[in-house]
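Asker: Top line first, the protein sequences correspond to chains A and B. Per the numbering used here, residue 1 is the first one in the first sequence, and the count goes up by one each step. Per the numbering used here, residue 1001 is the first one in the second sequence, and the count goes up by one each step.
Don't take every hint at face value.
What the hints assert, rightly or not - Below 30 Å or equal to it, Euclidean Cα-Cα: the simulated DSBU-like pairs (lysine-lysine) are: (1) A/K68 to A/K56; (2) B/K1096 to B/K1009; (3) A/K77 to A/K60; (4) A/K77 to A/K52; (5) B/K1009 to A/K68; (6) B/K1096 to A/K60; (7) A/K60 to B/K1009; (8) A/K52 to B/K1096; (9) A/K56 to B/K1009; (10) A/K77 to A/K56; (11) A/K68 to A/K52.
As the list claims (entries may be wrong) - If you want a taste of the chain B side facing chain A, the calculated C-beta under 8 Å gives, among others: (12) T1020; (13) A1024; (14) K1096; (15) G1105.
Claimed, not checked - Chain A stretches covered by chain B per the calculated footprint, using a threshold of three residues with CB under 8 Å from any CB of chain B: (16) 12-22; (17) 45-51; (18) 70-76.
Treat the hints as calculated values from the structure; they're not laboratory data. Note that CB positions come from ideal geometry on N, CA and C, so glycine has one too.
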Amino acid sequence: GDSVTQMEGPVTLSEEAFLTINCTYTATGYPSLFWYVQYPGEGLQLLLKATKADDKGSNKGFEATYRKETTSFHLEKGSVQVSDSAVYFCALGTDSWGKLQFGAGTQVVVTP
Amino acid sequence: NAGVTQTPKFQVLKTGQSMTLQCAQDMNHEYMSWYRQDPGMGLRLIHYSVGAGITDQGEVPNGYNVSRSTTEDFPLRLLSAAPSQTSVYFCASSLKGAYNEQFFGPGTRLTVL
């Protein structure tokens, strides 16, 4: 079945450091790929997405490229801020209605 | 435009009690779903609906019921609460399609004693 694997956290960084969160997937067909972010005490919100191979999603300084050959969708940000402290979820969608399969989530803690 | 709303925000139940978690959206979305979030397990799909009168099971449906009588509302019923149902519950909605953004409610934190 479809599945998403992302790196375990917590990931602790200093402000202005480079962030990478690895995400790989297993899916039949041609999934859409998403990164959602959950700030403390809140629901999830979409950070970025890519709907086909080689697409790059970007938002708020974060980027991820849909790599079909390596079945990956790694999240990157060049210079993190304390406000980026959150839990990040990689997800894939293959269902025509919109069902999502989520990874376990990676907590990121950015210290001043 | 309120988006996706959930009530209550917190709830404590005793084993065996029943309750309904409410979810509503005002974006005219066809697709609605319920997830539970447990530490280290991400979000797991409980039930989903593709329109009024149409629901189906997700990954972890046991112990939960849903119905969808209107486009806007998608309540989740716990029939006989168990400690294993202690979790944070999220409702989400979206337009139909694998590439569409899902909008999440703020969540309900449920504790079953």
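Asker: Take the hints in turn and mark each one as holding or not.
Answerer: Consistency of the hints with the structure:
About 12 Å separates the Cα atoms of A/K68 and A/K56, which keeps this hinted pair within 30 Å; it holds. Restraint check for B/K1096 and B/K1009: the C-alpha separation of about 27 Å stays at or below 30 Å, so the hint holds. Of the pairs offered as hints, the one joining A/K77 and A/K60 holds, with about 9 Å between alpha carbons and a cut-off of 30 Å not exceeded. Proximity of A/K77 to A/K52 is assessed by CA-CA distance (about 21 Å); at most 30 Å being required, the pair is judged to hold.
A hinted pair counts as satisfied when its Cα atoms are at most 30 Å apart, and B/K1009 with A/K68 does not qualify at roughly 40 Å. Under the criterion of a C-alpha separation no larger than 30 Å, the hint pairing B/K1096 with A/K60 is consistent with the structure, at around 26 Å. With a C-alpha separation of about 29 Å, the suggested pair A/K60 and B/K1009 falls inside the 30 Å cut-off, and the hint holds. In summary, the hint linking A/K52 to B/K1096 is supported, as the alpha carbons are separated by about 18 Å, within the 30 Å threshold.
Pair hint A/K56 plus B/K1009 does not hold up; C-alpha atoms about 36 Å apart against a cutoff of 30 Å. As the CA atoms of A/K77 and A/K56 are separated by approximately 13 Å, the hinted pair is consistent with the 30 Å bound. Annotation: proposed proximity of A/K68 to A/K52 holds, straight-line Cα distance about 9 Å (limit 30 Å). The interface hint given for B/T1020 is broken, as the beta carbon of that residue sits about 19 Å from the closest beta carbon of chain A, more than 8 Å.
With a least beta-carbon distance of about 14 Å to chain A, the hint placing B/A1024 at the interface is violated under the 8 Å criterion. For B/K1096, the suggested interface contact is upheld, since its CB lies about 6 Å from the closest CB of chain A, less than 8 Å. Given hint, B/G1105 at the interface with chain A, holds; its Cβ is 5 Å from that chain's nearest Cβ, closer than 8 Å. A count of 0 residues in the region 12-22 of chain A with a Cβ less than 8 Å from any Cβ of chain B is obtained; the coverage claim is therefore unmet, three being the minimum.
Beta-carbon proximity to chain B at under 8 Å applies to 4 residues in the region 45-51 of chain A; the threshold of 3 is reached and the given coverage holds. With a threshold of 8 Å between beta carbons, the proposed coverage of the region 70-76 of chain A by chain B is violated, since 0 of its residues qualify and at least three are required.
When held up to the earlier numbered hints, the structure conflicts with 5, 9, 12, 13, 16 and 18 and fits the remainder.
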